[in-house]
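Undergrad: Taken in sequence, the protein lines are chains G and B. First residue of the first sequence: 107, per this note's numbering; consecutive thereafter. First residue of the second sequence: 107, per this note's numbering; consecutive thereafter.
Simulated from the structure, these hints should not be mistaken for lab results. Just so you know, even glycine gets a beta-carbon here, dropped at the ideal spot from N, CA and C. Relax, there's no trap hidden among the hints.
Pairs of lysine-lysine, DSS-like flavour, derived with a Cα cap of 25 Å:
no.	chain 1	residue 1	chain 2	residue 2
1	G	Lys335	B	Lys445
2	B	Lys335	G	Lys462
3	B	Lys462	G	Lys335
4	B	Lys462	G	Lys385
5	B	Lys247	B	Lys518
6	G	Lys277	G	Lys555
7	G	Lys335	B	Lys335
8	G	Lys178	G	Lys277
9	B	Lys335	B	Lys385
10	B	Lys242	B	Lys555
11	B	Lys385	G	Lys335
12	G	Lys482	G	Lys277
13	B	Lys518	B	Lys273
14	G	Lys462	B	Lys385
15	B	Lys335	G	Lys445
16	B	Lys518	B	Lys277
17	B	Lys185	B	Lys247
18	B	Lys335	G	Lys385
19	B	Lys518	B	Lys439
20	G	Lys379	B	Lys462
21	B	Lys379	G	Lys462
Estimated spans, in silico, between C-beta atoms of each pair:
no.	chain 1	residue 1	chain 2	residue 2	range
22	G	Ser373	B	Asn460	20 to 28 Å
23	B	Asn460	G	Lys482	43 to 51 Å
24	G	Ser373	B	Gln374	56 to 64 Å
25	G	Ala157	B	Ile454	54 to 62 Å
There are 2 protein chains.
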Amino acid sequence: MITIDQYIETNKERFLNELFELIRIPSISSQSEHKEDMYRCARKWTELMLAAGVDRAEVYETEGHPVAYGEKIIDPSYKTVLIYGHMDVMPVDPLNLWHTDPFEPVIKDGKIWARGADDDKGQSFMHAKAFEYLLKTGQLKCNVKFMIEGEEEIGSPSLPKFCQEHKEMLKADIILVSDTGMISPEIPSITTGLRGLSYWQVEVTGPNADLHSGLFGGAVANPINTLAKMIADVLDENNHITIPGFYDDVLEVSAEERAKMAQAPFSQEEYNKSLGIRKEWGENGYTTNERTGIRPTFDICGIWGGYTGEGAKTVLPSKAYAKISCRLVPNQKHEKIGKLFQDYFTSIAPEYVNVKVDYLHGGPSYVCPITLDAYKAAEKAYNEVYGRMPVPVRSGGSIPIISAFEEILGIKSILMGFGLGSDAIHSPNENYPLEQFFNGIRTIPLFYKYFTEE
Amino acid sequence: MITIDQYIETNKERFLNELFELIRIPSISSQSEHKEDMYRCARKWTELMLAAGVDRAEVYETEGHPVAYGEKIIDPSYKTVLIYGHMDVMPVDPLNLWHTDPFEPVIKDGKIWARGADDDKGQSFMHAKAFEYLLKTGQLKCNVKFMIEGEEEIGSPSLPKFCQEHKEMLKADIILVSDTGMISPEIPSITTGLRGLSYWQVEVTGPNADLHSGLFGGAVANPINTLAKMIADVLDENNHITIPGFYDDVLEVSAEERAKMAQAPFSQEEYNKSLGIRKEWGENGYTTNERTGIRPTFDICGIWGGYTGEGAKTVLPSKAYAKISCRLVPNQKHEKIGKLFQDYFTSIAPEYVNVKVDYLHGGPSYVCPITLDAYKAAEKAYNEVYGRMPVPVRSGGSIPIISAFEEILGIKSILMGFGLGSDAIHSPNENYPLEQFFNGIRTIPLFYKYFTEE
Chain G
107 MITIDQYIET NKERFLNELF ELIRIPSISS QSEHKEDMYR CARKWTELML AAGVDRAEVY
167 ETEGHPVAYG EKIIDPSYKT VLIYGHMDVM PVDPLNLWHT DPFEPVIKDG KIWARGADDD
227 KGQSFMHAKA FEYLLKTGQL KCNVKFMIEG EEEIGSPSLP KFCQEHKEML KADIILVSDT
287 GMISPEIPSI TTGLRGLSYW QVEVTGPNAD LHSGLFGGAV ANPINTLAKM IADVLDENNH
347 ITIPGFYDDV LEVSAEERAK MAQAPFSQEE YNKSLGIRKE WGENGYTTNE RTGIRPTFDI
407 CGIWGGYTGE GAKTVLPSKA YAKISCRLVP NQKHEKIGKL FQDYFTSIAP EYVNVKVDYL
467 HGGPSYVCPI TLDAYKAAEK AYNEVYGRMP VPVRSGGSIP IISAFEEILG IKSILMGFGL
527 GSDAIHSPNE NYPLEQFFNG IRTIPLFYKY FTEE
Chain B
107 MITIDQYIET NKERFLNELF ELIRIPSISS QSEHKEDMYR CARKWTELML AAGVDRAEVY
167 ETEGHPVAYG EKIIDPSYKT VLIYGHMDVM PVDPLNLWHT DPFEPVIKDG KIWARGADDD
227 KGQSFMHAKA FEYLLKTGQL KCNVKFMIEG EEEIGSPSLP KFCQEHKEML KADIILVSDT
287 GMISPEIPSI TTGLRGLSYW QVEVTGPNAD LHSGLFGGAV ANPINTLAKM IADVLDENNH
347 ITIPGFYDDV LEVSAEERAK MAQAPFSQEE YNKSLGIRKE WGENGYTTNE RTGIRPTFDI
407 CGIWGGYTGE GAKTVLPSKA YAKISCRLVP NQKHEKIGKL FQDYFTSIAP EYVNVKVDYL
467 HGGPSYVCPI TLDAYKAAEK AYNEVYGRMP VPVRSGGSIP IISAFEEILG IKSILMGFGL
527 GSDAIHSPNE NYPLEQFFNG IRTIPLFYKY FTEE
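Generate coordinates for the entire structure from the input sequences, incorporating the hints supplied.
TA: See below:
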C-alpha cells in the first residue's frame with residue numbers, strides 16, 4: 107500500500123496548486139466589498155471536497171457568509187469525524203508592509219507567503235488532503251464531514267444558527283479543528299484551552315463640529331484627550347482591569363497547575379528579541395505565559411479621530427473612536443462582560459462628552475480535557491510524526507465557535523494545530539512552513555487510525 | 107464723488123466673481139499634491155492686484171510655497187500700509203460632512219459657503235477691493251503694499267526668511283491683517299492678543315509587527331493603550347498641564363484685568379448650546395474666555411493606530427500616532443515649549459515602548475497696545491460702520507507670523523478681523539456672511555482716512 111510519504115511526494119505540486127486556488131480568493135469576511143468573494147471561496151471549497159472524494163458537497167446559505175459543507179458516509183454505524191475550518195481571512199492592511207501580494211501565494215525560504223497561508227486556508231486544507239489519501243488507499247474506517255465556514259474572523263455570528271438548523275446533518279463523535287499553533291517544530295503541542303472574546307467600538311463626541319483649536323482649545327473638551335483618559339483609566343497601576351465585576355467569574359488557577367505550566371520551555375529574552383521589545387508588559391504577579399494563558403486582557407485594537415493626514419492641522423475634533431477588545435478566560439461569560447464594559451465605560455464618561463458603546467461581537471472560552479479518547483488519539487498521532495508527545499497548552503487566542511459547538515451540538519473539539527509563532531497570522535507577511543503543511547497531512551491520518559481502533 | 111456704498115453696489119457681482127476665482131483653486135498648503143495649486147493661486151492674486159491698480163505685482167519664490175507681492179507707491183514720503191494675508195487654506199476632510207463642494211463657492215442664506223470663504227481668501231480680498239475703491243476715486247493718500255503668503259496654515263515656515271531678504275521692499279508704518287474675527291455683527295472687536303503655538307507628531311512603537319491580540323495580548327504592551335495613558339498623564343485632575351517648566355514664563359494676568367475681560371458679553375449657556383455640549387471644560391479656576399484668552403492648552407489634534415476599518419479586527423498593533431498641539435500665551439517661547447514637551451514625553455515613555463517626538467512647527471504669541479495711532483484709526487473706522495467702538499480682545503488663535511513681523515521688520519500689526527464665530531473656519535462648511543465681506547470693504551477705507559490724517 108502506498109504510504110502517506112509516497113502519496114505526498116507524488117502529489118505535492120497538485121496539493122499546493124489546489125491550496126493556492128483557495129488563497130487567491132480575497133475572502134475577507136469583515137469587509138462588505140468581499141461579499142461575493144466569500145461565495146466564490148465556498149464554491150471552490152465544494153469543488154475541492156468533491157475532488158477529494160466526498161459523496162456530496164454544497165454551499166449553504168446563512169444569514170451572513172455561506173458555509174461549504176461536504177460529507178463521505180462510509181457506514182452510518184461507524185464513528186463520524188466532523189472537520190471544522192474557516193475559509194475567511196483577516197484584512198490585509200497596512201498593505202505597504204507586505205513584501206509580496208497577500209493574495210498571490212509565493213514559496214520562499216521553505217514557506218508559503220500569503221494571507222490565509224496558515225489561518226486557516228493552509229491548515230484546514232490539510233484535512234482535505236489527509237482525507238483524500240485515506241479514501242483513495244481504502245484506509246478510511248469512519249464517516250467524515252467537512253464544515254468550512256466564512257465568518258470565523260468576525261466571531262462566527264451565523265454559525266450557531268446554522269448548527270441548530272442542521273443538528274442531524276452535523277452529528278459526529280468528535281470535531282477536528284486545525285486553526286491553532288504548536289510550540290515549535292521540535293516541541294509539538296495541542297491547545298486544550300482557548301480564551302473567550304468581547305469586542306466593542308466606542309464613539310466619543312465632544313462639540314457638534316470640528317473646531318478651531320485656537321479659538322476653542324482649552325475651553326471645550328477634546329474628545330481625543332477624553333477618550334485617552336477613559337482608556338487609561340480602565341487599567342490600574344498593576345495593569346489590573348478596573349471594570350467592576352470583571353474578574354468575578356475568573357477561575358483562579360491553582361499554584362500547582364501554575365507550577366506545571368511554568369515547566370513549558372520559554373525564554374523571555376528570546377520572546378522579547380523576536381518582538382523587538384526591550385521589556386515585556388502585563389498584569390503584575392503573572393508570568394508571560396500566564397498572562398496569555400489564564401488571564402483576561404484589555405487591548406485597544408484601533409483608534410482614530412481628528413486630523414491624521416500629512417503635516418500639521420490644528421483642530422479640536424468633534425469625535426474620537428476606538429475598537430476595544432477583551433480576551434476572556436474560562437468561566438467568564440462574554441455576554442456579561444460585553445454588558446459590564448458597556449455600562450462601565452458609559453458611567454465613567456464625563457458630562458462634557460457623549461459616549462456610545464457598540465458591542466460588535468463576542469465568544470466564550472473553551473477547555474478540552476486531556477483524558478478524552480480523541481485527545482489521546484491526537485497525542486499518539488503527533489508523537490509518531492514529531493517523535494515527541496505533544497504538550498497540552500492553554501492558548502491566549504479565541505475560536506468562539508468551539509464552545510458553541512459543545513453547547514449546540516454536544517460535541518467536543520480537538521484542536522490539532524500546526525501553526526507556528528512566526529507565521530504572522532493577522533499580520534502583514536503571513537506565512538506557513540511547507541514542512542508544517544505536509545507534517546499536518548502526515549499526522550491527521552494517524553489520528554483517524556488511533557481514533558477508529560477498537 | 108462716488109461713495110463706497112455706491113461703488114460696492116455697482117461692482118458687487120464682479121467682486122464676488124473675482125473672489126470665487128481665488129476660492130476655486132484648492133490651495134491646501136499642508137498637502138504636497140497641491141503644490142502646483144499654490145502657484146496657480148499666487149499668479150491669480152497678482153492678476154487681481156494688477157486689476158485693482160498696483161504698479162507692479164510678482165510671484166516670489168521661497169523655500170516653500172510662493173508669496174504674491176504687489177505695491178502702489180504714490181509718493182515715497184507718504185505713509186505706507188503693508189497688507190498681509192494668506193492664500194493657503196486648511197485641508198477639507200472629512201469631506202462627507204460638507205453640504206457643498208468646498209472649492210465651488212455657493213451663496214445661500216446670505217453667506218458664501220466654501221473653504222477659504224473667510225479664512226483667509228474672503229478676508230484678505232476685502233483689502234484688494236478697498237484699495238481699488240480708494241485708488242479709482244483718487245482718495246488714496248498713502249503707499250500700499252500687499253504680501254499674500256502661502257504657508258500660514260502650516261506655520262509660515264518660509265516667510266521669516268522672505269521678510270529678512272526683502273526688508274527694504276517691505277518697509278511700512280503699519281501692517282494691516284484681516285485674518286481674525288469679531289464678537290458679533292452687533293459688537294465689533296479688534297484682536298489685540300494672539301496665542302502662540304507648538305505642534306508635534308508622536309509615534310509610539312511596541313512590538314516590531316502587528317500581533318494577534320489573543321496570542322500576545324496581556325503579555326506585550328499595546329502602543330495605543332500606552333499612548334492613551336501618556337496623553338492622559340499630561341493633564342492633571344485640575345486640567346493643568348504637567349510638563350515640568352511649562353508655566354514658568356506665563357505672565358499671570360492681574361485680577362483687575364481679568365475683571366475687565368469678564369465684562370465682555372458672554373453667555374455660557376448659548377456657547378454650550380451652539381457647540382452641542384452639555385458642559386464646558388477647562389483648567390480649574392478660569393472662565394471660558396480666560397481659558398482661550400490668557401491660558402495655554404494641550405490638545406490632541408489627531409490620533410490613529412491599529413485597525414480602523416469596518417467591523418472587528420482583533421490586533422495588537424505595532425504603532426500608534428498622535429498629532430499634538432499647545433496654544434501658548436504671551437511670554438511663553440514656542441521653541442522652549444517645543445523642547446520641553448519633547449523631553450518630557452520621551453522621559454515618561456515606559457521601557458516597553460519606543461517613543462519618537464517630532465516638532466512639526468511653532469510660533470510666538472503677540473500683543474498689540476491699544477494706545478497705538480493705527481489702533482485708534484481702526485477703532486474709529488469700525489465705529490463709523492458698525493455704530494459702536496470695537497472691544498479689544500485677546501484671541502485664543504495663533505498667527506505665528508505676526509510676532510515675526512515685529513521681530514524682523516520692526517512693524518506692529520493691526521488685526522482688523524471681520525470673521526464671525528459661526529464661520530466654521532478649519533471645519534466642514536466654512537462660510538462668510540456677505541454682510542461682513544462688504545462691511546469689511548466699507549471699514550478699511552475709513553482706516554486709511556484716519557491713519558493718514560495729520
